[in-house]
Amino acid sequence: MAYASKKEEESGLSSYYNNKTTIIQEARVFNDSPISPRKCRALLTRIVYLLYIGETLSAQEATTLFFGTTKLFQHKDSALRQMVYLAIKELATTAEDVIMVTHSIMKDMQPNSEVIYRPNAIRALCRIIDPSMAQGVERFFKAAIVDRTPSISSAALVSSYHLFPHAKDVVKRWVNEAQEAVNAKSSPSIFGGSSGGYLNFGSSGSSNSGYQPIPSSSYITQYHALGLLYLIRQQDRMAVTKMIQQLGGGKSGAGTTLKNPMALCMLIRYAAKVVEDDPNVQRQVLDLLDGWLRHKSDMVNFEAARAICEMKSVPAAQMSKAISGLTSVEKDANFTLINGTVLQLFLSSPKPVLKFAATRTLAALALTHPTGVATCNVDLESLIADSNRSVATYAITTLLKTGNEASVDRLMKQITGFMSEISDEFKVIIVDAIRSLCIKFPTKHVSMLSFLAGVLRDEGGYDFKRAVVEAMFDMIKYIADCKEQALSHLCEFIEDCEFIKLSVRILHLLGVEGPKSPQPTKYIRFIYNRVVLENASVRAAAVSSLAKFGVNAIDMGLRRSIGVLLNRCLDDVDDEVRDRAAMYLKALKEPSLADAYVKEESVFSLAALESKLVAYISDPGATAQPFDATSIPKISRVQLAAESARPSALDTIAVPVSRANSTPPPPTAADTQSTYLEQLAGVPELAEYGPVLNSSAKPIQLTESETEYQVTCVKHIFKEHVVFQFNVSNTLPDTVLEQVSVAMQPQTDCGLMEDFIIPVSALTASTSPGVVYVSFLRNKPEEYATGSFQCTLEFVSKELDPSTGEPEEDGYEDEYQLEDVELAAGGDYIIPSYASFSSEWDRLRTGATATETFSLTAMESIKAACDSIIEILNMEPLGGSEMPASATVHTLQLSGLVTGGGGKVLVRCRMTFSKGQGVTLELGVRAEREAACALVVSAVAG
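The numbering used here numbers the first residue of the sequence shown as 1 and each following residue consecutively.
Honestly, the hints are just simulated from the structure, not real lab data.
Here the structure is a predicted model, which means the values were calculated and not measured.
Accuracy of the hints is not assured; some may be wrong.
Result set (SDA-like, lysine to any residue): computed pairs, CA atoms no more than 25 Å apart in a straight line [to be verified]:
| no. | residue 1 | residue 2 |
| --- | --- | --- |
| 1 | K483 | A406 |
| 2 | K168 | P802 |
| 3 | K312 | K351 |
| 4 | K401 | I429 |
| 5 | K915 | P884 |
| 6 | K259 | A143 |
| 7 | K715 | P802 |
| 8 | K516 | G879 |
| 9 | K522 | V446 |
| 10 | K715 | A931 |
| 11 | K168 | E114 |
| 12 | K715 | I872 |
| 13 | K172 | M238 |
| 14 | K172 | R237 |
| 15 | K516 | K586 |
| 16 | K501 | N535 |
| 17 | K501 | V573 |
Using C-beta positions, here's what the derived DEER-type ranges look like [claimed, not checked]:
| no. | residue 1 | residue 2 | range |
| --- | --- | --- | --- |
| 18 | G417 | T731 | 58 to 64 Å |
| 19 | G454 | Q917 | 53 to 59 Å |
| 20 | E421 | T731 | 54 to 60 Å |
| 21 | S537 | N18 | 39 to 45 Å |
| 22 | D278 | S517 | 50 to 56 Å |
| 23 | P165 | S537 | 44 to 50 Å |
| 24 | G454 | E276 | 37 to 43 Å |
| 25 | G417 | T912 | 49 to 55 Å |
| 26 | A629 | E405 | 47 to 53 Å |
| 27 | G417 | D236 | 53 to 59 Å |
| 28 | E276 | T707 | 18 to 24 Å |
In this text, a Cβ means the ideal position worked out from N, Cα and C, and glycines have one as well.
Model the full assembly from the supplied sequences, consistent with the hints where possible.
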């Protein structure tokens with residue numbers, strides 16, 4: 001098809017030519033007699049183009065065009081017939097009554113029809129048939145899948161792939177045909193290619209006029225068949241593992257079954273996914289990957305090497321093969337190859353795509369295995385001057401991650417030479433590498449900061465500028481010597497910064513770091529310039545930054561000057577700027593307000609605050625009393641910023657372990673409590689229990705992930721009750737569980753009495769998970785009940801009738817032993833809460849205190865002791881004290897809130913470590929209530 005020239009587009013000719021109304025009017029050409037193939041092909045091309053660029057057709061318009069197009073089945077022109085099928089596929093999603101054309105399409109699918117018609121007919125039929133009709137065309141698809149013509153077989157396989165979501169049960173029955181297509185070892189038919197198998201040398205004539213068959217040996221059918229096989233078996237991990245082992249070709253990597261390189265690459269990706277889901281098969285998969293590293297196809301070599309590089313816990317020897325290979329040469333009767341993979345060999349390849357693939361993979365690997373990648377540094381240095389700047393960028397970023405301190409200056413000079421020649425995308429990659437390098441070699445901060453300041457003045461988009469600013473932020477945070485210089489560069493940047501978000505972030509940083517500098521006044525001019533010159537968002541951020549200088553100023557003259565500047569902001573046209581200025585002026589005069597609203601580094605956990613407010617409003621009796629905010633946990637402002645990117649807790653709660661996504665960060669305790677509150681609100685039996693005081697931070701797994709029944713437990717603490725929530729999943733598709741409940745037996749007298757059980761009436765694989773609630777009454781609500789419970793899953797098991805899907809009348813009672821559930825002193829009654837340790841520790845010296853000494857002989861390090869104490873007490877570590885700086889002496893600081901009015905509690909753990917004796921712990925506790933103090937001591941002692 002011919003695209004309109006720029007001149008035509010400017011004149012409006014192209015828009016008229018491809019106008020929807022014009023095309024619909026010209027569709028009368030479909031009714032001409034005789035049919036003109038040339039005119040019809042041109043119009044069909046315009047229709048497909050119209051839909052491709054996003055034009056929408058009404059149902060009536062699409063239906064008119066669709067049935068006008070179907071009239072062209074009367075003509076036998078092959079090129080016209082191909083365009084007819086393209087238009088039918090695009091119009092079928094909008095047009096009505098498309099099923100009417102089924103007969104014409106099925107006619108072209110017959111074995112005696114032209115070879116060029118059948119693939120297109122199969123693809124079109126997949127788009128128009130109703131899922132309920134899939135069974136009626138099953139024999140056509142089965143025959144097409146095993147057809148010896150690759151284009152027909154591939155069309156049927158791809159169409160089956162698209163049909164699968166709508167007719168799973170039917171497509172699953174084609175697994176034998178798909179397997180036969182994968183295993184086909186005979187030479188392909190002379191009709192090759194997935195798009196019809198012909199070269200077009202003409203546009204009209206008889207059905208075969210102007211076409212020449214293309215001989216093919218690509219085995220492309222294997223690629224499509226493998227994709228369909230995996231789609232059918234993806235829920236059965238054992239079947240997928242067996243398929244990979246059968247098709248892998250063993251350690252030799254010969255690939256006796258799969259001949260198509262793309263199919264082998266896809267098989268490698270499936271193998272990597274299997275290892276990710278089940279690390280137990282890593283050794284067998286690594287043996288297969290080792291064979292594929294010696295495959296004769298570069299594509300397969302690279303995919304195998306990348307799979308090894310991205311795999312977790314790979315042995316060093318295997319990783320070495322993936323990176324640089326071995327030096328020995330194996331001589332075979334047919335060819336000579338290098339033992340090991342070719343990542344390092346790709347670096348010296350004349351093909352740019354191989355060099356790019358290898359450098360990009362090594363750049364990513366250098367983050368986790370810099371020592372292994374360092375063996376390729378000589379080859380990477382030769383690529384710095386490569387004419388392909390994408391290759392050069394990845395080469396130099398890899399060298400930055402693996403090089404030594406002596407090479408930093410030389411690399412920085414080379415980077416500066418070609419920064420103007422690469423796109424923003426690759427500039428971001430380089431800046432990110434420098435960002436990590438400045439932390440690795442802080443003594444080289446002068447040259448790196450100079451480079452970042454230089455590129456900050458260059459032209460670039462938001463992502464590039466943001467990457468540079470973030471790199472400077474890290475240098476300010478981790479390298480004290482460059483703080484003032486970096487702040488000065490950022491001040492100069494905001495003078496002409498066009499990105500509002502970056503200006504606001506920099507102004508916030510200036511408000512935090514500027515008052516701490518030896519000369520804070522030199523930053524005020526830059527900040528106040530923003531009040532005068534910028535838009536409302538930046539002006540408001542500048543006001544907040546100025547206020548922090550005034551509040552933290554020791555010099556009273558500086559404070560008065562800040563007050564004068566804020567007074568000028570009271571006349572601003574924006575109400576947000578005026579309100580901030582008024583608030584901060586008040587804070588400057590009253591130190592208590594400044595401490596609460598400017599200096600305070602903690603804020604309420606928004607999720608916990610919301611849940612408490614909802615419970616307060618929902619309880620008629622509670623609104624008679626003032627809202628109590630003391631029981632709401634606090635988090636630091638850094639935590640608040642980090643949690644803004646967290647996934648919703650609803651996505652991770654009550655999901656079996658095998659289905660849970662392990663990549664997102666876990667939700668916080670306050671976040672999960674807010675989510676559980678929504679679940680518990682829907683249970684009428686728990687309506688009178690009042691607000692939830694605390695819920696488990698995460699579900700406790702009570703079964704193995706491979707078992708047919710998967711159960712997790714969540715504990716909810718109320719004022720007078722404890723409720724255990726069991727999330728039960730049934731993974732057996734042909735079985736229904738009825739009357740599902742959990743029997744809990746306390747092992748000792750724990751001060752709890754069973755109240756009632758809310759069972760699940762019926763549970764199938766499709767309705768999983770179901771929730772069982774077991775409620776216990778607290779005999780003494782003022783005490784913190786603890787203990788261990790033996791748990792048994794009880795149910796009636798019934799088979800499902802495969803024909804009707806209904807459960808059979810007869811079943812049998814069964815039970816399943818679960819892991820014990822423990823109600824702990826610390827983890828279930830304490831909520832993590834941020835605090836300023838020194839000030840709070842001094843404030844609580846008049847409250848309840850306790851000091852105990854423990855000998856933790858089983859602990860192998862202070863870090864292990866810190867992790868164990870944090871887990872046991874479920875408290876918030878403060879000031880980074882969870883990461884010991886010394887291996888022998890450390891002090892861990894913790895903060896939390898005790899449920900049920902227990903108030904604030906702080907813990908100071910002084911620890912020493914010596915080999916042979918483990919960790920000696922001095923536990924200091926200060927709390928607002930004596931019971932809270934005793935609870936913490938008992939949790940550690942237990």
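### Query
Which of the numbered hints above does this structure break?
3, 7 and 11
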